[in-house]
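Q: Residues per chain are reported as follows:
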Amino acid sequence: MRVAPKPVQSFRDDFTYSNSDEAIERFPFPFVEDEYRYSVNIESHTPKGGTDSIYEHFIDIDEHYLSEMAERAIVLEENPRRCLSMGHMALAGWDFLERMMVSLSTDYPQYFSLRRDKDQWHWENTLLDIQQDFVFGDESTLPMSPLDYMGRQVQGDFALLDQRDNDLFMDAGMITCPADWSLAFDAGMSFSEWHGPVPMAHSAGIFDRALKYLTAIPIGSPARRLNWTLTVNARMDTSPEKYPDWGHERTTVTAENVAQKVYLRVELQIMDRMPRSNALLFVIRTYLISLEDIATNPEWAKRMHRAMKTLPQPLIDYKGLTRYHHLVVDYLAQFDR
Amino acid sequence: MSADKIQVKVTRIVDVAPKIKEFTLVGVNRTLPEFSPGSHVMVEMQGQEKTYRNAYSLLNDALDSSEYRIAVRLQDESRGGSVYMHQSVKEGDVLSVTPPMNLFAPLWHAKKHLIFAGGVGITPFMSYIPEFLRQGVNCELHYMFRGLQTGAYQEVLQQELKTTLFIYDADKEQRCDIKEVLKCQPLGTHVYICGPEKLVEGVEQAAIELGIPLSVIHSEAFAAPKPGTPFKVEIKSTGQVVQVGEQDTMLEALETAGLAIPNLCRAGVCGQCSCAVEQGDLDHRDNYLSDSEKSLGAMVMPCVSRANSERIILDI
Ligand code: HEM
Ligand code: FES
Numbered sequence: 001m002r003v004a005p006k007p008v009q010s011f012r013d014d015f016t017y018s019n020s021d022e023a024i025e026r027f028p029f030p031f032v033e034d035e036y037r038y039s040v041n042i043e044s045h046t047p048k049g050g051t052d053s054i055y056e057h058f059i060d061i062d063e064h065y066l067s068e069m070a071e072r073a074i075v076l077e078e079n080p081r082r083c084l085s086m087g088h089m090a091l092a093g094w095d096f097l098e099r100m101m102v103s104l105s106t107d108y109p110q111y112f113s114l115r116r117d118k119d120q121w122h123w124e125n126t127l128l129d130i131q132q133d134f135v136f137g138d139e140s141t142l143p144m145s146p147l148d149y150m151g152r153q154v155q156g157d158f159a160l161l162d163q164r165d166n167d168l169f170m171d172a173g174m175i176t177c178p179a180d181w182s183l184a185f186d187a188g189m190s191f192s193e194w195h196g197p198v199p200m201a202h203s204a205g206i207f208d209r210a211l212k213y214l215t216a217i218p219i220g221s222p223a224r225r226l227n228w229t230l231t232v233n234a235r236m237d238t239s240p241e242k243y244p245d246w247g248h249e250r251t252t253v254t255a256e257n258v259a260q261k262v263y264l265r266v267e268l269q270i271m272d273r274m275p276r277s278n279a280l281l282f283v284i285r286t287y288l289i290s291l292e293d294i295a296t297n298p299e300w301a302k303r304m305h306r307a308m309k310t311l312p313q314p315l316i317d318y319k320g321l322t323r324y325h326h327l328v329v330d331y332l333a334q335f336d337r
Numbered sequence: 001m002s003a004d005k006i007q008v009k010v011t012r013i014v015d016v017a018p019k020i021k022e023f024t025l026v027g028v029n030r031t032l033p034e035f036s037p038g039s040h041v042m043v044e045m046q047g048q049e050k051t052y053r054n055a056y057s058l059l060n061d062a063l064d065s066s067e068y069r070i071a072v073r074l075q076d077e078s079r080g081g082s083v084y085m086h087q088s089v090k091e092g093d094v095l096s097v098t099p100p101m102n103l104f105a106p107l108w109h110a111k112k113h114l115i116f117a118g119g120v121g122i123t124p125f126m127s128y129i130p131e132f133l134r135q136g137v138n139c140e141l142h143y144m145f146r147g148l149q150t151g152a153y154q155e156v157l158q159q160e161l162k163t164t165l166f167i168y169d170a171d172k173e174q175r176c177d178i179k180e181v182l183k184c185q186p187l188g189t190h191v192y193i194c195g196p197e198k199l200v201e202g203v204e205q206a207a208i209e210l211g212i213p214l215s216v217i218h219s220e221a222f223a224a225p226k227p228g229t230p231f232k233v234e235i236k237s238t239g240q241v242v243q244v245g246e247q248d249t250m251l252e253a254l255e256t257a258g259l260a261i262p263n264l265c266r267a268g269v270c271g272q273c274s275c276a277v278e279q280g281d282l283d284h285r286d287n288y289l290s291d292s293e294k295s296l297g298a299m300v301m302p303c304v305s306r307a308n309s310e311r312i313i314l315d316i
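Chains as they are written, first to last, in the UniProt record's numbering: chain A, 1 to 337; chain B, 1 to 316.
Chain A on its own, in the form it takes in the complex (with noise of 0.2 Å):
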């Protein structure tokens, strides 16, 4: 049976967050070799696992279903530009918000439901309280921009990438969660040129390749990758608009404390082609665990020991692990004897 959605636990201050043992063993565990490097891994996003894997449905509700929305609206509240959209892609916005409600209602009916007649929708999303009608397509009947408000509905960040010249932009997105990269910075840019900042991968024909593959994605076939870095504490909001709040936090990591301040930090990234736009929806889900949870798996404490232990070192200072990643390596060795 899945794990229904806890009380909520903070991503803050506090950091109440845990995994349960089912939301540990349902991890992404992304090292599928004894060395990292980075490469086209792209895959189609159908279902694998079975029941209760991550990869069972379009999008993965699992129990920090509350927490990541009230994280979320503090973000949000903080600095509303966190969710940006240009004029052109409103219609990509609309696109969303069918793609999610109908997936999220028919993937989960035990928690969302969705009843459309014509023009006529009627959404419900019982874990939030949320009940609305509204005319699909038009904004005056919904409290905020389609993307806003459905955003703010479902796990994992968002983008929407306008297509043309064989290239996309980066020209709407609802970004609360990032992993050190900022949406209003990068808002308009090119494939290749939000990836600027990506040490080796450029010359290794890494962008061109995946570029190419994004563009041609078709109606109905979305693709999959997994990406990951580490996070000092539970922290969702490790953008560069907050660095301020979290930047110092990884001068705090001790040979004591490693296991339980550093988190392993996964995105389960989804590509989608949206019909009635053409934008290409990319969704990053974001699963957080800590060094001593995954210790709990000695098959991954060993592979991730290999794994930090062969990181090349662009790319320990690219992530920004540079202060801590020693301690990391020290910590894992114990399991890789």
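By construction, these hints were calculated from the structure, which means they are not laboratory data. Wrong hints could be hidden among the right ones.
[As the list claims (entries may be wrong)] Sample of chain A residues facing chain B (criterion: CB under 8 Å; computed from the structure): (1) Ser39; (2) Tyr213; (3) Pro275; (4) Ser277.
Built from N, CA and C at the ideal position, the CB exists for glycine as well.
Based on the hints, put chain B with the ligands in the right spot on chain A.
A: For chain B with the ligands alone, coordinates are given in the frame of chain A:
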């Protein structure tokens, strides 16, 4: 990446020009996917001898996807598909189409849209115009054709565009002075062309002469289905011989024969399925190998690539 095919029924066939027929398609036991202006579908036709696959633009307003309408011009140098559509397909027949793909979407931030259409090249623009009108954005269409063969949809376009429609019938000696048209366009105009190669080149040439950047000039390029001839793959280690049919990928054929090849994207970008080649003339279709690796011919990506020779040997 193979998108699921959709069964559609032909509900209406009408002549819209001497050599162009319009087909209306509805989903068989399902609704059709929504689509965006400029989209096309690949239609699969099961002929007597072979399967034809042709790309056709969707003509209808994208707001209404209850049916798809496509227009097919009977091609002179017969490539089979259009002849089949004109002569063999009847109302009530069932065809299969891919979900809509869009490689020719308008640039929504353009200040003005300037269109050059030649003959059946009007088709991708039929879905642009209703949306431009709704958005209230400037649009000007220059439509060139031979009235004895093509020139479909003039009345509809006239109603929609009124004074911004310009018609040139070559069979009545009417010509479009492309350079004159391009000369007097406001800043922020984007230009779209669909038609014969000559028209595309003509517009591009005029733009170059006028100093207009080619980045505002867009022309339709259908992702032509790449047919493949059948070939055989010999597995060096076991001597097993696997037949790859016209419709299968090499990867699918190897899998069907019980060989497990690691793979991820199945689209020639991830590099997972890479196989060592012992011998054979290869038709590389992937985006993973570099040009020099391709010409060396020591590796092949069986998820998309094929053979030019009748038989290749894989060292797996
Ligand atoms: C349209 C979809 C995508 C979006 C919106 C996106 C966005 C981003 C962003 C904003 C970053 C952070 C860059 C920074 O440091 O400022 C990033 C990093 C990265 N992206 Fe993408 N990306 C997309 C697709 C892909 C794909 C398909 C690949 C496949 C290889 C890829 C590979 C990477 C890699 C390797 C990094 C570095 C991550 C790390 O080491 O933590 N991206 N991406
Ligand atoms: S499976 Fe990715 S290149 Fe063949």
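Q: Please go over all the hints and tell whether each is borne out by the structure.
A: How the hints compare with the structure:
1. Hint on Ser39/A holds. Least Cβ distance to chain B is approximately 7 Å, under the 8 Å limit.
2. For Tyr213/A, the suggested interface contact is upheld, since its CB lies about 5 Å from the closest CB of chain B, less than 8 Å.
3. A least Cβ separation of about 4 Å between Pro275/A and chain B falls short of the 8 Å threshold, and the interface hint therefore holds.
4. Proximity of Ser277/A to chain B holds as hinted, the smallest CB-CB distance being about 6 Å (cut-off 8 Å).
No hint from the list above goes unmet by this structure.
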